[in-house]
Amino acid sequence: MHLILFIVFAGFCLAGAINLLLQSHPINSALSLIVVMTSLAVLYLLLGAEFLAAAQVIVYAGAIMVLFTFVVMLLNAGREDRTLGSRAALRVGFPAVVAILAVIATMILHAQGLGVARLSEGITTTEELSVVLFTKLLLPFEVTSVLILIAILGAVALASHDKGDGERTVGK
Amino acid sequence: MTILQFFLWSLLKVAVVTVVFLLAVAYTVLLERKLVGRIQNRWGPSRVGPFGLLQPLVDGAKSFLKEDIIPTGVYRPLYLIAPIIALGCALTSIAVVPFGEPNVGPLGLVKRGEMHLFQIADVNIGLLVVLGVTSIGVYGIALAGWSSNNKYSLLGALRSSAQLVSYELALGLSLVGVVLRAGSLNLRVIVEQQAVSGIGSWNLFGGMQFVAFFIYLMAAYAETNRSPFDLPEAESELTGGYHTEYSSMKFAMFFMAEYANMITVGCVATLLFLGGWTSPMGDLIGPFENSFVNAGLSLFWFVSKVFCFLFLYVWVRGTLPRFRYDQLMNFGWRWLMPLAILNIVATSLWLAFVKI
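Protein chains in written order, with the numbering used here: chain A, 1 to 172; chain B, 1 to 356.
Derived by calculation from the structure, the hints in this document are not laboratory data. Using N, Cα and C, we set each Cβ at its ideal position, and we do this for glycine too. One should not assume that every hint holds.
[As the list claims (entries may be wrong)] On the chain B side, residues computed to face chain A include the following (Cβ under 7 Å): (1) Val19; (2) Gly132; (3) Val138; (4) Ala142; (5) Val189.
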């Protein structure tokens with residue numbers, strides 16, 4: 001059962017990713033990316049990470065991709081021209097991709113102590129996850145949140161840079 | 001219970017819940033028209049059947065029989081799939097809602113505790129599933145507006161996506177207090193934690209979550225595009241909003257999705273704040289010997305709580321004028337969000353220091 005689901009959703013994931021590259025319309029690409037994200041969520045669920053699956057759907061598929069489609073709509077981006085690519089890209093690009101993937105794959109296969117993930121019945125509950133997150137991994141967790149906070153502050157600072165416009169909206 | 005049995009039971013539950021849910025959607029429309037009629041000092045629909053009770057069926061038949069117009073300028077694939085996404089997501093999220101006492105032995109058919117009679121799926125992260133499916137539902141509206149190739153539709157869709165994304169934050173944060181109290185994201189566990197002593201142990205009163213309930217209420221109106229936050233379909237500015245170009249059954253699908261979302265939001269409010277299927281009087285009308293009566297009673301309490309919520313929805317719609325767009329955004333980001341965060345901090349402090 002797990003294996004069937006895995007194959008189906010891994011297939012969805014790959015098909016979505018390939019479709020993303022082949023589509024010439026930005027909004028179709030964005031929608032393919034949503035398919036990829038949600039299929040990934042199912043794969044997480046098959047590995048027993050239920051909270052991660054839900055977070056994937058809510059945050060990535062639900063919030064971030066909405067902003068993507070939002071931008072596509074606002075910019076009214078049209079259909080892209082399909083080019084066959086330059087000859088240099090064909091000759092150098094594909095061998096380079098193959099070489100890099102091969103290096104990464106061998107590195108992963110030879111690495112020790114990475115652990116094994118199994119498609120399993122067992123589910124890591126949100127409680128267990130949060131215990132690990134707030135005891136063992138507290139420092140990385142807090143550092144990440146500070147990073148995100150800095151990013152938010154930076155975004156606000158950039159957005160309110162234009163004084164004249166800012167005052168008008170603040171003054172209602 | 002074998003896999004086949006489980007499959008058949010689930011299929012049966014899905015079928016029953018879908019039919020009942022769609023009927024409930026149809027009659028919510030009637031309820032709204034009747035109530036708004038009374039608020040505006042008129043009768044509302046009263047000609048078809050006794051008290052206008054057959055009006056939803058006639059309306060449904062009418063939308064089936066109307067001509068289905070697809071304008072030439074639309075982007076066809078997305079134009080066709082948008083109403084399906086909207087309605088599909090609206091119908092999916094009801095799957096994790098427990099309607100009644102789930103551990104009632106299914107009346108001699110299967111052993112007690114082996115399956116949940118009044119819930120399609122008992123999921124550990126039920127609350128997150130509801131939020132996730134709702135957040136996918138945004139695409140239905142956004143794509144409908146964009147693919148229609150109409151400025152009113154596009155403006156409606158943009159307003160709606162911005163509004164949904166903004167208020168989703170307040171909505172999610174307002175639920176954290178409840179989750180903190182229950183220590184679980186499972187909707188059944190959250191209800192059972194409120195079942196101790198009737199109304200006093202509801203999260204709304206006993207749990208002191210009335211601030212969270214207020215935030216949830218406001219955010220829920222915005223999330224379902226309902227008055228006073230119904231800017232995405234403000235007819236005086238946008239003619240119809242995101243569904244301007246839709247006709248016949250496709251329009252009806254958006255309409256049904258909106259009301260289905262209303263009911264789902266009402267169900268979640270009932271489960272999280274109003275004690276779900278439990279009696280407000282605790283054990284005063286106690287558990288009876290007969291499990292049929294118990295099951296019926298728990299269904300009755302659940303349905304009446306959701307009904308009160310829907311009544312409030314319509315009441316607000318009939319009373320309050322529509323917000324302006326900047327007021328909406330200010331209210332969401334400057335009031336509801338900080339209030340929700342304060343509520344989380346207060347609840348955590350209370351849980352940490354007062355109730356050990």
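Okay, the hints, checked on the actual structure:
1. Val19: 27 Å, violated
2. Gly132: Holds: closest Cβ of chain A sits about 4 Å from Gly132(B), inside 7 Å.
3. Val138: 5 Å, holds
4. Ala142: 6 Å, holds
5. Val189: 11 Å, violated
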